[in-house]
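S.K.: Those protein sequences? They're chains U and Z, same order as listed. The numbers in the first sequence follow our numbering, run straight up by one, and end at 351. The numbers in the second sequence follow our numbering, run straight up by one, and end at 310.
Calculated from the structure, these hints are not laboratory results. Among the hints, erroneous ones may be present.
As the list claims (entries may be wrong) - Using 30 Å as the maximum straight-line C-alpha spacing, the simulated DSS-like pairs for lysine-lysine come out as follows:
#1 U:K204 to Z:K184
#2 Z:K142 to Z:K247
#3 U:K152 to U:K204
#4 Z:K247 to U:K152
#5 Z:K184 to U:K161
#6 Z:K143 to Z:K247
#7 U:K255 to U:K152
#8 U:K195 to U:K161
#9 U:K255 to U:K308
#10 U:K152 to U:K188
#11 U:K195 to Z:K142
#12 U:K188 to U:K53
#13 U:K161 to Z:K143
#14 Z:K143 to U:K308
#15 U:K188 to U:K204
#16 U:K308 to U:K204
#17 U:K152 to U:K344
#18 U:K255 to U:K161
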Amino acid sequence: MVRGVRSVVPILLSCALLNGCKSSQQTGAPAADPGILTINGAGASFPNPIYSKWFAEYGRLHPNVRINYQPIGSGGGIRQVSLGIVDFGASDDPMTDAQLQQSSHPLLHIPTVLGAVVPVYNLPGISAEIRFSPEALAGIYLGTITFWDDQKIVADNPGVKFPHEEILPVYRSDGSGTTFIFTDYLTKVSPVWAKQVGNSTSVKWPVGIGQKGNEGVAGMVREAPYAFGYVELVYALQNHMTFGLVRNGAGQWIKASPAAVTAAAEAQADTIPADFRVSLANAGGTASYPICSFTWLLVPQQSADATKGRQLHDFLLWMLSEGEQEAAAMGYAPLPRPVAERLKNTVASIR
Amino acid sequence: MQRGSGGVADRTFAALMLGCALSIFAIVALILGILILRSRLSLHEFGFSFFLRSDWDPVRGSFGAVPFIWGTLASAFLALLIAVPLALGVAVFINEMCPRALRTPISFLTELLAAIPSVVYGLWAIFVLVPIMRRSVGPFLKKFFGWTGLFHGPNFGIGLLTASMILAIMVLPVISSIARDVIKAVPNTQREGVLALGATRWEMVRIGVLRNARIGIVGAVILGLGRALGETMAVTMVIGNHAAIPKSLFAPAYTLASVIANEFTEATGDLYLSALIEIGLALFLVTIVVNAIARLLVFMVTRGNTARAV
Chain U
1 MVRGVRSVVP
11 ILLSCALLNG
21 CKSSQQTGAP
31 AADPGILTIN
41 GAGASFPNPI
51 YSKWFAEYGR
61 LHPNVRINYQ
71 PIGSGGGIRQ
81 VSLGIVDFGA
91 SDDPMTDAQL
101 QQSSHPLLHI
111 PTVLGAVVPV
121 YNLPGISAEI
131 RFSPEALAGI
141 YLGTITFWDD
151 QKIVADNPGV
161 KFPHEEILPV
171 YRSDGSGTTF
181 IFTDYLTKVS
191 PVWAKQVGNS
201 TSVKWPVGIG
211 QKGNEGVAGM
221 VREAPYAFGY
231 VELVYALQNH
241 MTFGLVRNGA
251 GQWIKASPAA
261 VTAAAEAQAD
271 TIPADFRVSL
281 ANAGGTASYP
291 ICSFTWLLVP
301 QQSADATKGR
311 QLHDFLLWML
321 SEGEQEAAAM
331 GYAPLPRPVA
341 ERLKNTVASI
351 R
Chain Z
1 MQRGSGGVAD
11 RTFAALMLGC
21 ALSIFAIVAL
31 ILGILILRSR
41 LSLHEFGFSF
51 FLRSDWDPVR
61 GSFGAVPFIW
71 GTLASAFLAL
81 LIAVPLALGV
91 AVFINEMCPR
101 ALRTPISFLT
111 ELLAAIPSVV
121 YGLWAIFVLV
131 PIMRRSVGPF
141 LKKFFGWTGL
151 FHGPNFGIGL
161 LTASMILAIM
171 VLPVISSIAR
181 DVIKAVPNTQ
191 REGVLALGAT
201 RWEMVRIGVL
211 RNARIGIVGA
221 VILGLGRALG
231 ETMAVTMVIG
241 NHAAIPKSLF
251 APAYTLASVI
261 ANEFTEATGD
271 LYLSALIEIG
281 LALFLVTIVV
291 NAIARLLVFM
301 VTRGNTARAV
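Could you build the full structure based on these sequences and the hints that come with them?
M.R.: Have a look at this one:
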């Protein structure tokens, strides 16, 4: 009997201790942050660096507000904000009508910055910046252009001596906004691509190999001679990568830069619909870089918690006036002025 | 016989242990239940044909698991093909012919291999193994074994063969350390008996050691296979992630675990998400079927053993 009791006592004791800890935690938690409003967001990872900077800076200016952002991916962001798990979402890929209907509450698309995708390549012994026509880009990923000395590439690059080597197309194996921007562009410029493949965060690639993340694609292109890939402009700029020029809708050869990307949005400013769900791929305008897109915050028209709605509204106004100015330095293209002006009206309607 | 009463403690202990054992059933049932529940949209849409379709097109919402099942099985079995002879060689060497001074370092290093995180293997593969495959091993295989038809097509250093090689290195320590212990457990009388009959050293290893240890060795291989089937990170980094059935060992492929890791975060649309969870279900089923076959193999080997002993 004694033994039995002895062996039971520690179990009971530890249970009591655990319970004690639990209840003290429960009572302790709310007291930790009196008066600080926490707003939670989740979504796209592509704009995460600038969002983190904005939220940190806004938090410093407004000590009573803390905005948390989790870069869990666009798909997760759309799901969580639709279900009301987070206070706002973010996506590189605008929500479809069906997704908007499924959401438990009306959501607004707020474009924040623009991202662009650039072609990168590994051509040993060639230092010139290579020009890629839309047909060449589509052909490489459709598998119709398999050698570097293909006429579709050679014709646009007079003076460059291309080797007769097979191209290794590299794509993003993980679902990503980068892939969405790139395939959205290919869908617009190539009818064959539109019919065979289409645009999404992951697609059924006809040829090539997949690598994870910008770093995976860039690493593979750097390592493998005659490889070809696409990465985000921000990534290419930060890592000082050589990237190719692309011919835009107006027939100009453009090297990607934040300014050229903003120009693409500016050229289309008048035709952007009221809900800002628009594809900027292959925009007109002589200075526009054609492979680019907005990235959006997904904000409830009316937040369940009115204070949170108020704070989101204030933050977005701050972002449009102050935040945007920091974008270019980080490689993101800021919104063109006409778009930012229009956006202020939309933001004003957030409750 | 009983001093005092241990009855309560015994019963508590027994109940506790039973609880632990039952928790395994509960965990498996929960995993299976959630996988089926969350993939019901895809199960409903494609039915059983999901496991027979080879299309994976998120844009058109057409999903099938065949390329991934194929890639998973092919990479795992190729890995075993490379790793098993090597692992057995290591195990036999350590037990039968290794100088005492070398024994500890070799054992220690094999176990160290098991402790390296898979992402490190993946990085090593990208920066070391892939260039070697591209520059030396690939062209060599193409030149001398091209006639087999296994090595046609362009060789970029990335693909099924490279993934299998990195997997082989990763399962090697699992198989060799268990095989080493199993071989160690073979009684010395067996070895002495075979040697006394005038066997050479190789015959002694084959007849006296490997035959006696074969059940344990098959068990070691099963464990290695389990690791190879589920390995995600290192494989994703070098297999090429292309959802098509590879026509050559140089061609890129895709595994069940890799596609989940790659596409889950950005998957939009309920059917797409549901199909990805069904891929998880497929991996679960593949693991169960492969393990069942392996158990059957062990059973057959064991039966053969007792029959011969009688």
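S.K.: So, for every hint listed, does it hold in this structure?
M.R.: Taking the hints in turn, this is what the structure says about them:
Taking the CA atoms of K204 (chain U) and K184 (chain Z), the gap is near 51 Å; set against the 30 Å cutoff, the hint is violated. With a CA separation close to 14 Å, the supplied pair K142 (chain Z) and K247 (chain Z) stays within the 30 Å bound. Only pairs whose Cα atoms come within 30 Å are accepted, and K152 (chain U) paired with K204 (chain U) is accepted, the gap being roughly 24 Å. Taking the CA atoms of K247 (chain Z) and K152 (chain U), the gap is near 28 Å; set against the 30 Å cutoff, the hint holds.
Of the pairs offered as hints, the one joining K184 (chain Z) and K161 (chain U) is violated, with about 63 Å between alpha carbons and a cut-off of 30 Å exceeded. For the suggested pair K143 (chain Z) and K247 (chain Z), the alpha carbons sit about 18 Å apart, so the restraint of at most 30 Å is met. For the proposed pair K255 (chain U) and K152 (chain U), the alpha carbon gap of about 19 Å is at most 30 Å, so the pair holds. Our distance criterion of 30 Å between C-alpha atoms is broken by K195 (chain U) and K161 (chain U), whose separation comes to about 33 Å.
Note on K255 (chain U) and K308 (chain U): the hinted pairing is violated, with a Cα-Cα distance of about 41 Å set against a maximum of 30 Å. With a CA separation close to 18 Å, the supplied pair K152 (chain U) and K188 (chain U) stays within the 30 Å bound. Restraint check for K195 (chain U) and K142 (chain Z): not satisfied, since their Cα atoms lie roughly 36 Å apart, outside the 30 Å limit. Note on K188 (chain U) and K53 (chain U): the hinted pairing is violated, with a Cα-Cα distance of about 33 Å set against a maximum of 30 Å.
Our distance criterion of 30 Å between C-alpha atoms is met by K161 (chain U) and K143 (chain Z), whose separation comes to about 29 Å. As the CA atoms of K143 (chain Z) and K308 (chain U) are separated by approximately 67 Å, the hinted pair breaks the 30 Å bound. Annotation: proposed proximity of K188 (chain U) to K204 (chain U) holds, straight-line Cα distance about 17 Å (limit 30 Å). Using a Cα cut-off of 30 Å, the hinted pair K308 (chain U) and K204 (chain U) is violated, with the two alpha carbons roughly 40 Å apart.
Annotation: proposed proximity of K152 (chain U) to K344 (chain U) is violated, straight-line Cα distance about 45 Å (limit 30 Å). Note on K255 (chain U) and K161 (chain U): the hinted pairing holds, with a Cα-Cα distance of about 21 Å set against a maximum of 30 Å.
Checked against the numbered hints given earlier, the structure breaks hints 1, 5, 8, 9, 11, 12, 14, 16, 17 and satisfies all the rest.
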